[in-house]
Amino acid sequence: MNQDDLRPHVRDEQPPSDAVVVLRGGPDTVTKLAGHARRTNAAYCLDGEPVWGVSVFAALDDVGPASIDGLLAHRVVSYRLVHTPTIGSLVDAGFELLPTFRRPHFTLLLSSDAEHDLRRLLNALGLPQVNPYHGSRRR
Amino acid sequence: MVTVDITADLNDEDETGFVWTFLDEARDPSLISPGAIVVAGDADAPAVAEVVDVVDKPAGKVVHLRLLPGVIEDYEALIRRALTSAS
Chain A
1 MNQDDLRPHV RDEQPPSDAV VVLRGGPDTV TKLAGHARRT NAAYCLDGEP
51 VWGVSVFAAL DDVGPASIDG LLAHRVVSYR LVHTPTIGSL VDAGFELLPT
101 FRRPHFTLLL SSDAEHDLRR LLNALGLPQV NPYHGSRRR
Chain B
140 MVTVDITADL NDEDETGFVW TFLDEARDPS LISPGAIVVA GDADAPAVAE
190 VVDVVDKPAG KVVHLRLLPG VIEDYEALIR RALTSAS
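Protein chains in written order, with our numbering: chain A, 1 to 139; chain B, 140 to 226.
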């Protein structure tokens with residue numbers, strides 16, 4: 001394999017509750033998700049096996065950099081639109097979230113880069129919402 | 140319509156905490172060197188970023204990007220002001 005394994009980058013922490021909001025800068029499309037999932041696949045494997053996934057951030061705290069407002073105002077501020085599903089809705093749709101790299105980053109795993117999987121993910125992400133912090137310095 | 144210097148998913152980050160993408164995603168890889176200021180992302184969601192480093196990974200050359208504050212229109216306005224003031 002010519003990829004780094006994600007496993008050593010998985011954080012040892014309690015899984016977040018289903019009510020936790022997940023943020024992903026958008027707007028996503030099937031084509032974009034395919035490109036991003038394939039970039040992850042090119043760079044990483046998981047336990048030696050191929051992996052497809054996209055990056056998301058979980059609003060794990062009520063305040064601070066890992067809160068909804070903290071993430072919207074900083075980590076995804078460059079995005080005018082942000083997808084905001086919950087952990088529960090993604091899990092119910094059959095997706096697994098792996099806590100990877102630095103808190104509160106997660107890798108949202110796909111079983112493949114096939115169009116039906118990508119479309120299922122796009123549906124699970126839901127319609128993107130306006131990020132109230134985007135461009136706020138100019139107001 | 141914005142043309143980005145290097146395509147990236149600005150949501151992506153790795154163990155460094157920086158956004159990462161592959162060097163071969165750059166329109167002109169010669170522009171991508173540490174300290175360079177570039178436009179990264181995609182046409183829908185571009186951002187101004189500083190190239191932190193370019194590192195060799197098993198899958199290829201990976202570029203780390205530090206997203207700079209503000210939106211791309213802020214930088215456009217800055218340049219317009221500066222050029223107008225100079226003329």
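These are computed hints drawn from the structure, not numbers from a lab. One should not assume that every hint holds.
Derived lysine to aspartate or glutamate pairs resembling DMTMM-like cross-links, with alpha carbons at most 20 Å apart [to be verified]:
(1) B:Lys196 with A:Glu115
(2) B:Lys200 with B:Glu189
(3) B:Lys200 with B:Glu164
(4) A:Lys32 with B:Asp163
(5) A:Lys32 with B:Glu154
(6) B:Lys200 with A:Asp18
(7) B:Lys196 with A:Asp61
(8) B:Lys196 with A:Asp117
(9) A:Lys32 with B:Glu215
(10) B:Lys196 with A:Asp18
(11) A:Lys32 with B:Glu164
(12) B:Lys200 with A:Asp4
Hints and how they fare:
Among the hinted pairs, lysine 196 of chain B with glutamate 115 of chain A is inconsistent with the structure: their alpha-carbon atoms are about 28 Å apart, more than 20 Å. Distance restraint check for lysine 200 of chain B and glutamate 189 of chain B: the Cα-Cα separation of roughly 17 Å lies within the 20 Å cut-off, and the hinted pair is therefore satisfied. Restraint check for lysine 200 of chain B and glutamate 164 of chain B: the C-alpha separation of about 10 Å stays at or below 20 Å, so the hint holds. Using a Cα cut-off of 20 Å, the hinted pair lysine 32 of chain A and aspartate 163 of chain B holds, with the two alpha carbons roughly 17 Å apart.
Taking the CA atoms of lysine 32 of chain A and glutamate 154 of chain B, the gap is about 23 Å. The hint is violated against a cut of 20 Å. Straight-line distance between C-alpha atoms of lysine 200 of chain B and aspartate 18 of chain A comes to about 37 Å, which puts the hinted pair past the 20 Å bound. Of the supplied pair hints, the one linking lysine 196 of chain B and aspartate 61 of chain A is violated, its CA atoms being roughly 33 Å apart against a limit of 20 Å. Our distance criterion of 20 Å between C-alpha atoms is broken by lysine 196 of chain B and aspartate 117 of chain A, whose separation comes to about 28 Å.
Between lysine 32 of chain A and glutamate 215 of chain B the CA atoms are separated by roughly 26 Å; this puts the pair beyond 20 Å, and the hint is violated. This hinted pair does not check out: lysine 196 of chain B and aspartate 18 of chain A have alpha carbons roughly 35 Å apart, beyond 20 Å. Distance restraint check for lysine 32 of chain A and glutamate 164 of chain B: the Cα-Cα separation of roughly 14 Å lies within the 20 Å cut-off, and the hinted pair is therefore satisfied. A distance of roughly 13 Å separates the Cα atoms of lysine 200 of chain B and aspartate 4 of chain A; the hinted pair therefore holds under the 20 Å criterion.
The structure fails to meet hints 1, 5, 6, 7, 8, 9, 10 from the earlier list, while all remaining hints are met.
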